[in-house]
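Asker: So you can see what is in the structure, the chains are spelled out below.
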Amino acid sequence: MNNSFLEIETITKTFGKQTALDNVSASINKGELVCVLGPSGCGKTTLLRIIAGLETADSGSIVIDGRDATFLPPSKRNFGIVFQSYALFPNMTVQGNILFGLRQKRGMTKAAMVEKAREALHLVDLFEHRNKYPRQLSGGMQQRTALARAIALSPAFLLLDEPLSALDAKVRAKLRRDIRSIQQDLGITTIMVTHDQEEALTMADRIIVMNNAVVEQIGTPCEVYDHPATPFVANFIGTMNTYTDAGNICAIRPENIEIADSTDHDTWAEIRSIEFKGALTRVHGVLPNSEDVCLDLPSDRVKDLNLMEGSTIHLSMPKDHLRKYAVAA
Amino acid sequence: MDKLRRYLTGLRVSQLLVLLLCLVMLTVVLIFPIFSLFSKAFLNKSGDFVGFANYIKYFDTPALSTSIINTIDISLWSTLFSMILGFGYAFALTRTRIKGKAFFKYTALIPIFIPTLVHALGLVYLFGKQGILTRAGLFPFELYGRLGIIISETIYTFPQAFLMFYVALEFADGRLYEAAESMGASHARVLFRVTFPEIKYTIVSAFFVCFTLAFTDFGAPKVIGGSFNVLATDVYKQVAGQFNFNMGAVVGTLLLIPAVASFTVDRLVNSKNSGTISARATQLTIKASTGRDVFFFTLCSLVTGFFLVLIIALAIGGLTENYPYNLAFTLDNFSFNRSVGGMGAYTNSLKMALATAIFGTIFVFVYAYMIEKTAGFTLLRRFGKLLSVLPLALPGMVIGIAFIFFFNSKTNPLNFVYGTMAILVIANILHYFSVPFLTASGCLKKLDREYESVSDSMNVPRWKMFIRVSVPLSLPAILEISMYFFVNAMVTVSAVVFLYSANFKIAAIAITHMEEAGDFGQAAAMSLLILLMNVGVRIAYEAAVRLIKRRTNHQEVTV
Ligand SMILES: Nc1ncnc2c1ncn2[C@@H]1O[C@H](COP(=O)(O)OP(=O)(O)OP(=O)(O)O)[C@@H](O)[C@H]1O
Ligand SMILES: [Mg+2]
Chain U
11 MNNSFLEIET ITKTFGKQTA LDNVSASINK GELVCVLGPS GCGKTTLLRI IAGLETADSG
71 SIVIDGRDAT FLPPSKRNFG IVFQSYALFP NMTVQGNILF GLRQKRGMTK AAMVEKAREA
131 LHLVDLFEHR NKYPRQLSGG MQQRTALARA IALSPAFLLL DEPLSALDAK VRAKLRRDIR
191 SIQQDLGITT IMVTHDQEEA LTMADRIIVM NNAVVEQIGT PCEVYDHPAT PFVANFIGTM
251 NTYTDAGNIC AIRPENIEIA DSTDHDTWAE IRSIEFKGAL TRVHGVLPNS EDVCLDLPSD
311 RVKDLNLMEG STIHLSMPKD HLRKYAVAA
Chain D
14 MDKLRRYLTG LRVSQLLVLL LCLVMLTVVL IFPIFSLFSK AFLNKSGDFV GFANYIKYFD
74 TPALSTSIIN TIDISLWSTL FSMILGFGYA FALTRTRIKG KAFFKYTALI PIFIPTLVHA
134 LGLVYLFGKQ GILTRAGLFP FELYGRLGII ISETIYTFPQ AFLMFYVALE FADGRLYEAA
194 ESMGASHARV LFRVTFPEIK YTIVSAFFVC FTLAFTDFGA PKVIGGSFNV LATDVYKQVA
254 GQFNFNMGAV VGTLLLIPAV ASFTVDRLVN SKNSGTISAR ATQLTIKAST GRDVFFFTLC
314 SLVTGFFLVL IIALAIGGLT ENYPYNLAFT LDNFSFNRSV GGMGAYTNSL KMALATAIFG
374 TIFVFVYAYM IEKTAGFTLL RRFGKLLSVL PLALPGMVIG IAFIFFFNSK TNPLNFVYGT
434 MAILVIANIL HYFSVPFLTA SGCLKKLDRE YESVSDSMNV PRWKMFIRVS VPLSLPAILE
494 ISMYFFVNAM VTVSAVVFLY SANFKIAAIA ITHMEEAGDF GQAAAMSLLI LLMNVGVRIA
554 YEAAVRLIKR RTNHQEVTV
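In order, the protein sequences belong to chains U and D. For the first sequence, the numbering used here puts the final residue at 339, and the numbers step up evenly by one. For the second sequence, the numbering used here puts the final residue at 572, and the numbers step up evenly by one.
Don't take each hint at face value.
Said to hold, decoys possible - Heads up, simulated DMTMM-like pairs for lysine to aspartate or glutamate below, C-alpha to C-alpha not over 25 Å straight-line:
id: 1; chain 1: D; residue 1: Lys459; chain 2: U; residue 2: Glu17
id: 2; chain 1: D; residue 1: Lys477; chain 2: U; residue 2: Glu125
id: 3; chain 1: U; residue 1: Lys287; chain 2: U; residue 2: Asp255
id: 4; chain 1: D; residue 1: Lys16; chain 2: U; residue 2: Glu17
id: 5; chain 1: D; residue 1: Lys16; chain 2: U; residue 2: Glu265
id: 6; chain 1: D; residue 1: Lys16; chain 2: U; residue 2: Asp68
id: 7; chain 1: D; residue 1: Lys459; chain 2: U; residue 2: Glu265
id: 8; chain 1: U; residue 1: Lys126; chain 2: U; residue 2: Glu138
id: 9; chain 1: D; residue 1: Lys16; chain 2: U; residue 2: Asp78
id: 10; chain 1: U; residue 1: Lys27; chain 2: D; residue 2: Glu385
id: 11; chain 1: D; residue 1: Lys16; chain 2: U; residue 2: Glu19
id: 12; chain 1: D; residue 1: Lys386; chain 2: U; residue 2: Asp68
id: 13; chain 1: U; residue 1: Lys142; chain 2: D; residue 2: Asp61
id: 14; chain 1: U; residue 1: Lys334; chain 2: D; residue 2: Glu211
id: 15; chain 1: D; residue 1: Lys386; chain 2: U; residue 2: Asp78
id: 16; chain 1: D; residue 1: Lys458; chain 2: U; residue 2: Glu172
id: 17; chain 1: U; residue 1: Lys86; chain 2: D; residue 2: Glu211
id: 18; chain 1: D; residue 1: Lys300; chain 2: D; residue 2: Glu385
id: 19; chain 1: U; residue 1: Lys27; chain 2: D; residue 2: Glu211
What the hints assert, rightly or not - Calculated Cβ distances over 12 Å to all of chain D for the following chain U residues:
id: 20; residue: Ala121
id: 21; residue: Ile192
id: 22; residue: Ala239
id: 23; residue: Thr254
By construction, these hints were calculated from the structure, which means they are not laboratory data. All C-beta atoms, glycine included, are put in the ideal place defined by N, C-alpha and C.
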């Protein structure tokens with residue numbers, strides 16, 4: 011079955027000496043929400059702008075819905091976009107912002123436009139606020155206005171560039187759910203850029219993990235969490251212990267390390283500090299080769315074992331959770 | 014092939030065309046005329062290339078070359094005075110607790126609203142042979158010549174110095190002063206060890222700005238210079254008096270010296286001038302000090318008082334029968350002589366200033382938009398930025414003669430603008446281009462970079478987005494730019510003195526003719542009309558900006 015909607019094929023883009031994207035490929039399916047996740051400056055925004063046609067790649071191509079879009083201008087690609095700054099027009103009301111783009115649609119009656127705007131406003135729950143100006147709205151409401159403006163034009167897909175990063179934690183959590191449910195209701199293919207791994211893990215159908223202009227891994231949240239393809243992904247998503255062993259980089263999550271008895275262990279560690287975090291307690295220690303390690307244990311277990319700073323613990327690293335990577339050349 | 018296609022995809026042809034059009038227009042009125050000017054300086058009267066012969070002749074003729082010394086002399090003195098006064102005045106308004114700061118701030122700007130030659134005219138009323146103070150025996154000096162020019166140029170450059178120091182002193186890092194105070198430093202020590210170092214770049218810039226203005230001013234020396242020759246009056250005499258265009262061009266190029274020097278210094282200074290204000294700077298708290306406040310209040314009152322007296326003298330001169338002999342009130346002085354253009358000169362000036370404001374604002378704003386908000390075209394945009402600062406270095410006199418050389422040439426297809434109002438408007442827009450450009454680009458930089466991307470994604474054409482979003486959001490800056498163009502077009506003499514025609518006389522120049530003809534009453538009356546119009550425009554501007562601010566704030570309050 012091939013229901014791919016958007017093909018990103020071997021895209022490379024440089025700005026002067028700076029390589030923003032290096033041979034990036036990905037395929038995005040119809041109706042899914044894909045997060046592009048990576049640290050600052052890794053090229054996420056550049057990728058989004060190239061998909062939008064706001065930037066042209068040096069090489070490679072973009073195929074949208076089976077049609078080569080590499081040389082299409084943004085207006086012919088039929089997408090909606092939301093920027094981190096929202097870029098709302100402050101001299102227009104919420105409704106005015108939405109109508110500004112709708113007026114550009116050919117063969118649409120005034121009534122149809124207003125109806126379209128009304129639908130979009132209801133979708134983001136801002137209908138009562140339609141006559142307010144952006145500066146009269148909270149950050150979350152501004153964000154939803156930008157979203158309404160983007161979806162009012164019934165685009166074939168949505169591009170969101172760090173849409174939540176300007177909001178405080180509480181609003182952000184609510185909007186994550188809002189955006190996700192709107193996206194699923196509309197069944198609209200969405201690409202969302204973020205540097206927040208939690209956001210990517212909770213919202214995405216699939217995640218494209220990027221670093222230094224290259225794609226490190228593409229997979230579902232479970233896949234990238236449980237089977238990180240590279241040490242970078244392992245470290246970037248969630249907490250990961252990495253240590254060297256026999257020329258390999260070994261990686262294991264804190265919750266997967268087990269306490270063993272002194273006869274049957276893989277290694278041992280000396281406890282440096284114990285951090286109570288509620289149900290779980292994180293124990294920080296040092297391995298014999300003086301690399302750091304940490305493990306999450308149920309708090310009761312820590313009490314039972316009577317762990318203390320300075321004491322030695324024996325560790326076992328279950329094979330199915332331990333990932334090994336060759337040391338990069 | 015693929016490369017080219019990719020390049021063309023990113024290229025927005027319509028944007029490229031508009032950008033090119035902007036650059037071509039500015040190049041034609043800026044680079045071409047300057048090129049004509051320089052080439053004229055190296056030709057003889059019959060058009061043969063003579064190398065530096067004209068320059069050698071110039072420096073060999075003491076009657077001409079003494080003007081250089083004279084010009085430097087008066088520029089240095091007036092710069093010194095206006096910097097001291099400007100600093101003191103700005104200090105008073107930012108670092109003391111004197112009363113009436115708002116009033117003083119506006120009265121400091123009075124000189125901006127009238128032509129420089131009117132400052133000189135006002136001085137003549139006060140200190141001339143028949144001046145009020147001279148007749149009262151309070152001014153036993155010879156006004157005409159060096160002294161008169163120095164005082165006029167001090168008045169002319171004072172607002173510039175004041176504004177620059179005001180901006181610099183407004184931002185003070187209170188921590189430095191607290192530290193100095195806690196170490197028990199004396200006032201003088203704080204001034205020299207904290208304040209001056211803090212604003213050292215402004216001191217350098219203010220010096221060059223004032224020096225250049227005084228160095229190149231034409232109006233004041235024309236009226237009050239007597240036999241004391243300066244470069245600007247020399248250019249005029251060579252070109253308009255003796256029709257020696259080549260020597261005029263030589264002197265014109267000499268007028269460029271301070272601006273070129275200041276550009277060089279500015280580059281050196283600015284490359285080091287970064288991050289002088291730290292984010293942790295605290296507000297300066299001004300301590301109470303009666304002695305200090307009395308001193309600075311007196312200073313401000315004297316400066317403001319002097320300006321007001323100057324205006325009052327003009328008012329008396331303009332509204333009386335025959336100053337100083339017959340002081341009966343009359344409006345007769347407002348029936349201006351036909352020979353200088355009559356009331357038509359004033360309405361012409363209004364038309365010209367209005368056209369300058371409208372076309373200048375449109376051009377500057379579109380130009381700045383193309384430079385700031387288009388993607389790609391990096392080289393073209395860099396070139397455009399470079400072009401935009403060049404007019405800052407061009408004195409009006411230089412623009413004037415360069416325009417004669419360029420536009421009056423029979424082979425120039427643009428010859429038809431010569432002798433029309435259009436050439437005056439073009440000269441004014443060019444003359445005053447740089448400051449509005451900075452205002453416009455500063456304002457556009459603050460607008461969200463993504464508006465353009467959003468409108469592209471919504472298939473909204475750029476021009477529509479420009480008119481519906483960029484322009485409304487920049488309205489205060491646009492008004493400021495229009496006002497700047499208007500006021501300057503009303504008062505300028507230097508560029509237009511070479512370019513106006515007998516069919517289109519203008520007010521500021523009419524004043525020089527009235528003064529030459531001894532019609533002081535009319536000259537004063539015309540000056541009053543210019544002042545009134547400019548102050549009116551300024552008040553309208555302030556009111557409009559306040560209204561816009563109120564409207565946007567109002568929206569904020571209703572949250
Ligand atoms: N227009 C441009 N000109 C020059 N360099 C650019 C331009 N746009 C991006 N870059 C460079 O390309 C690299 C990738 O930038 P990009 O904005 O795509 O990163 P990002 O992953 O979105 O980062 P962030 O999380 O900070 O937004 C950066 O090093 C950036 O400096
Ligand atoms: Mg980004």
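Asker: Taking the hints in turn, state whether each one holds.
Answerer: Outcome of the hint check:
1. Lys459(D) x Glu17(U): 36 Å, violated
2. Lys477(D) x Glu125(U): 23 Å, holds
3. Lys287(U) x Asp255(U): 30 Å, violated
4. Lys16(D) x Glu17(U): 21 Å, holds
5. Lys16(D) x Glu265(U): Not OK: Lys16(D) and Glu265(U) at ~51 Å, beyond 25 Å, violated.
6. Lys16(D) x Asp68(U): Holds, at about 7 Å.
7. Lys459(D) x Glu265(U): 48 Å, violated
8. Lys126(U) x Glu138(U): Holds, at about 15 Å.
9. Lys16(D) x Asp78(U): Given that 25 Å is the threshold and the Cα spacing comes to 16 Å, the pair holds.
10. Lys27(U) x Glu385(D): Measuring from Cα to Cα gives roughly 23 Å; hence the hint holds.
11. Lys16(D) x Glu19(U): Judged against 25 Å, a Cα distance of about 16 Å means the pair holds.
12. Lys386(D) x Asp68(U): The given pair, whose Cα atoms are some 22 Å apart, holds under the 25 Å limit.
13. Lys142(U) x Asp61(D): Violated, at about 71 Å.
14. Lys334(U) x Glu211(D): 58 Å, violated
15. Lys386(D) x Asp78(U): 28 Å, violated
16. Lys458(D) x Glu172(U): 22 Å, holds
17. Lys86(U) x Glu211(D): Given pair Lys86(U), Glu211(D) is violated - Cα atoms ~54 Å apart, limit 25 Å.
18. Lys300(D) x Glu385(D): 43 Å, violated
19. Lys27(U) x Glu211(D): 38 Å, violated
20. Ala121: Its Cβ never comes within 12 Å of chain D, the nearest being 20 Å, so this holds.
21. Ile192: 18 Å, holds
22. Ala239: 31 Å, holds
23. Thr254: 42 Å, holds
Violation of the numbered hints given earlier is confined to hints 1, 3, 5, 7, 13, 14, 15, 17, 18, 19; the remaining hints are satisfied by the structure.
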